[in-house]
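Engineer: Single-letter residue listing:
2 protein chains.
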Amino acid sequence: MTIKKVIKGSGYTAVNPDEVQFLENILVVINQAGKIERIVTPNEADYDDVLTAAPEVIELAPHQYLLPGFIDTHIHAPQWPNAGLALDRPLYQWLNDYTFPLEAKYQDLDFSRAVYDDLTKTLVSLGTTTAVYFGTIYPESNLVLAEMCDKNGQRSLIGQVSMDDPELNPEYYRDESAAASVAKAETFIKKLLAKNQEFTIPQTPVITPRFLPSCTLPALKGLGQLAKQYQLPIQSHCSESDWENNYALEKYGKRDTTVLAEAGLLNEHSIMAHGTLLNDEDFSKYQKAQASIAHCPISNVYFGDGILPVKRILQHQVNVGLGTDISGGYSPSLYDNMKQTILSSQQLQSGVDTRIATEKRGVANSRVSAKTAFYLATVGGAKATNLKIGEIKPGCFADLQVVEIKPKPYQPQSSDDNFESLIYNTNENNIKAVYVGGKQVK
Amino acid sequence: MTIKKVIKGSGYTAVNPDEVQFLENILVVINQAGKIERIVTPNEADYDDVLTAAPEVIELAPHQYLLPGFIDTHIHAPQWPNAGLALDRPLYQWLNDYTFPLEAKYQDLDFSRAVYDDLTKTLVSLGTTTAVYFGTIYPESNLVLAEMCDKNGQRSLIGQVSMDDPELNPEYYRDESAAASVAKAETFIKKLLAKNQEFTIPQTPVITPRFLPSCTLPALKGLGQLAKQYQLPIQSHCSESDWENNYALEKYGKRDTTVLAEAGLLNEHSIMAHGTLLNDEDFSKYQKAQASIAHCPISNVYFGDGILPVKRILQHQVNVGLGTDISGGYSPSLYDNMKQTILSSQQLQSGVDTRIATEKRGVANSRVSAKTAFYLATVGGAKATNLKIGEIKPGCFADLQVVEIKPKPYQPQSSDDNFESLIYNTNENNIKAVYVGGKQVK
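Going down the list, the protein sequences come from chains A and B.
For the first sequence, the residue numbers in my numbering are -18 to 423.
For the second sequence, the residue numbers in my numbering are -18 to 423.
This is chain A alone, in the form it adopts within the complex:
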């Protein structure tokens, strides 16, 4: 395929949860389709020829590094204006006083456009090249979100949110019936697939029952059917908190995971958020179904009633991605959520109450490293979305970010030290460029 541009520099890409590869002074050869055609290392004979032949060469400055763009596997787009608000409120008040009234405003498409324009720009500037969005119950507003993703250069999965149970949803903000939930989801799917013809970056519809407490069983089953019919990804929340976990047990006499699986909503295309209350039996079901968990570590501190045991889940061979869960989490940055992934795993290992003896305080062998957090934000997200992204390697879309570490009078450092420093110290200001499908979007 024709070569479009070459990026020359050093970078990092995750190999597995414990290993990050340092790619020193490579050429990333990007083709017309926006994919990485080839990685050329300095010891290859045609390194200089590739450089000479390239129609465009972008050379990274000193102290700059290339990383895969990040994938936010769980974010509520309409809740963006509430980021950092009402986090000391219990879930009930948070939903009914802050969240549902805000989501209901998105009938207004101008309001939708203003918020979604700002949100998608912000995420791209933070290095998030793909996001898996919950939208609202309004198909037209969700299409505006897709337009803003395309406009600002972000790859996305967008969910028409389905919520039909009159018992737990307010009258002013719910689908009229199970049939309406399914019909509106299908309308959105068709319209988005049609819109994709006009877009530069294809945006994917995703089947999105809000969570078990807000959906009737007929709605869940209808949505499972729709997912199968259109072969689409699926997202929801699963065992996020004691309350949610107990809700399914009381209503169905079954666990969240089982109810979702029986409705046809747990398969290799599923991304389930949170999961702090999942148990080993659930993890086995996730592993068999090849379903993914979207770990939202900041949000979980407020609403999760405990810490997701990431290391144990990875040992169960279950895939885990990272999510910001705006506005259950306050930060739109996956850098912040990578840091919180490490902090939460450390806290799980240490425990919290020092009046308890050391050996009984926490859960041994729970700590994960910066490398694991980076794996979740890149490869984990790619596996969750089944897209060719999240790695610097041939065949993947050239969804990339260029980050710069401020040069300080450091002691000599290894590439591993530089990597760790980069995970901990990167913020919006030192993300110098972002590419999606090879096109510069920041």
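Since the hints were made in silico from the structure, they are not lab data.
We treat Cβ as the ideally placed atom computed from N, Cα and C, and that holds for glycine.
One or more hints might be untrue.
Computed, partial: chain B to chain A, Cβ under 10 Å [what the hints assert, rightly or not]: (1) 66; (2) 287; (3) 324; (4) 333; (5) 334; (6) 339; (7) 352; (8) 404.
A few chain A residues that don't get close to chain B, going by computed Cβ distances all over 12 Å [as the list claims (entries may be wrong)]: (9) -18; (10) -17; (11) -16; (12) -3; (13) 25; (14) 34; (15) 178; (16) 179; (17) 239; (18) 298; (19) 372; (20) 403.
Starting from the known structure of chain A, fit chain B onto it as the hints suggest.
Structural biologist: Positioned in the frame of chain A, the structure of chain B alone reads:
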């Protein structure tokens, strides 16, 4: 006293750990001494006259708010180049492979100047107007830190670090003897007090035994004596981890707190870092001594073996300030540490291991709010340092920061909502101005 300038705008100041006062459209009248002479509210008769008479008026832009500058009550200045490094290493390796070799470099005063210039600028730009520093064992290098604070407009307490025990300190980085520890501390005190004559902002020496494991008892006692003689503040680490807590128990058959108290190091001028392993008996001793705890919530996740029960400590009437603990903590920002204060307290309340029943998982009634975190970063720090700072009120130094909340298409918000949003969403970019002693330093 003569009026120098007036700042006109709205702001927030902490009243107690649960209450933040919204000061709407006030005039902050700053005198020649750099202190707040008066706060004028719009309903006062001479509001317009004060404005007219002021030699200089600074008016805040829309969406800007005035806050007291923050006080970082625990930060290791020489460790700045290591921020975000080696955080997956055990304490022993962290100290011996990363920390001590770096601290030993500060014999080089050019290196000292380069790092301390960058550090103090960074902190000021993050709204930290006062910092309580651990320096190194080199008096001349610590004086360079004082010069950089004065140059970049930061108020500080600076400690000549004392560490003389040959058993636990490396040969290349320790004081030669207990007598040398005390003599070097006194040299530094005298030189800094003399230097203060040249400075715009007075910098305070602080007695700084590193921690019990690195000091012999004669050094501790000698330093206690010195603190009394010069009436100086004191800082150290106290019960930071299981290891440190057990060290004193094994060596002295006494708790950290008791050994420090008996050496004359625990009084109303003491700021002790961490304290995650302190028990109720210790808290009573802190309360009686009127000593303060420097809470370093990010660092504690890595090295603290549990969470400091901030709410319980405040109920014991013990004062708590906030610290970044660079580089045990990776972030120089007290905004990040305020957020982590909230997150850690939430985690203490929720617990971590969801295999444990809800009611046994965490510690009820532990959660603190954004208001409490703000109180610690301002009033708590002021009480710890015994300086007239940390509040927007007459008699306090005009150490202030101006922060801006990006206007978004928000739903209508209360001043409480705005306050919370400001704590969660402020970063270096939206801290628009910083004042120390009424002088703009950012």
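Engineer: The structure should be examined with respect to each hint, and the outcome stated for every one.
Structural biologist: So, going through the hints one by one against the coordinates:
1. This hint holds: residue 66 (chain B) has a C-beta 6 Å from the nearest C-beta of chain A, less than the 10 Å allowed.
2. Among the interface hints, the one on residue 287 (chain B) holds; its C-beta lies about 4 Å from the nearest C-beta in chain A, closer than the 10 Å criterion.
3. The closest approach between the C-beta of residue 324 (chain B) and any C-beta of chain A is roughly 5 Å, which is under the 10 Å cut-off, so the hint is satisfied.
4. Checking residue 333 (chain B) against chain A by beta carbon gives a least distance of about 5 Å; that is within 10 Å, so the hint holds.
5. Annotation: residue 334 (chain B) was flagged as interfacial toward chain A, and the flag holds, the nearest CB pair being 5 Å apart, inside 10 Å.
6. The criterion of a C-beta within 10 Å of any C-beta in chain A is met by residue 339 (chain B), whose closest approach is roughly 5 Å, and the hint holds.
7. Nearest Cβ of chain A to the Cβ of residue 352 (chain B): about 9 Å, under the 10 Å cut. The hint holds.
8. A cut of 10 Å between beta carbons decides the hint on residue 404 (chain B): the least distance to chain A is about 7 Å, and the hint holds.
9. No beta-carbon of chain B comes within 12 Å of the beta-carbon of residue -18 (chain A); the shortest separation is about 40 Å.
10. For residue -17 (chain A), the condition that its CB be more than 12 Å from all CB atoms of chain B holds, with the nearest at approximately 40 Å.
11. Non-interface call for residue -16 (chain A) relative to chain B: holds, since the shortest CB-CB distance, roughly 37 Å, exceeds 12 Å.
12. Non-interface status of residue -3 (chain A) relative to chain B is upheld: no Cβ of that chain comes within 12 Å, the nearest being about 16 Å off.
13. Every CB of chain B lies more than 12 Å from the CB of residue 25 (chain A), the least distance being 33 Å, so the non-interface label holds.
14. Listed as outside the interface, residue 34 (chain A) is consistent with that label: its C-beta sits roughly 39 Å from the nearest C-beta of chain B, beyond the 12 Å cut-off.
15. Against chain B, the non-interface label of residue 178 (chain A) holds: every CB pair exceeds 12 Å, the least being about 30 Å.
16. The claim that residue 179 (chain A) is not at the interface with chain B holds, since no C-beta of that chain comes within 12 Å of its own (minimum 26 Å).
17. Separation of residue 239 (chain A) from chain B is adequate, the least Cβ-Cβ distance of about 18 Å exceeding the 12 Å criterion.
18. Once the 12 Å rule is applied to beta carbons, residue 298 (chain A) is consistent with being away from chain B; the minimum gap is 20 Å.
19. Look at residue 372 (chain A): its CB is around 23 Å from the nearest CB on chain B, clear of 12 Å, so calling it non-interface holds up.
20. Listed as outside the interface, residue 403 (chain A) is inconsistent with that label: its C-beta sits roughly 8 Å from the nearest C-beta of chain B, within the 12 Å cut-off.
Violated hint for the displayed structure: number 20, the only one.
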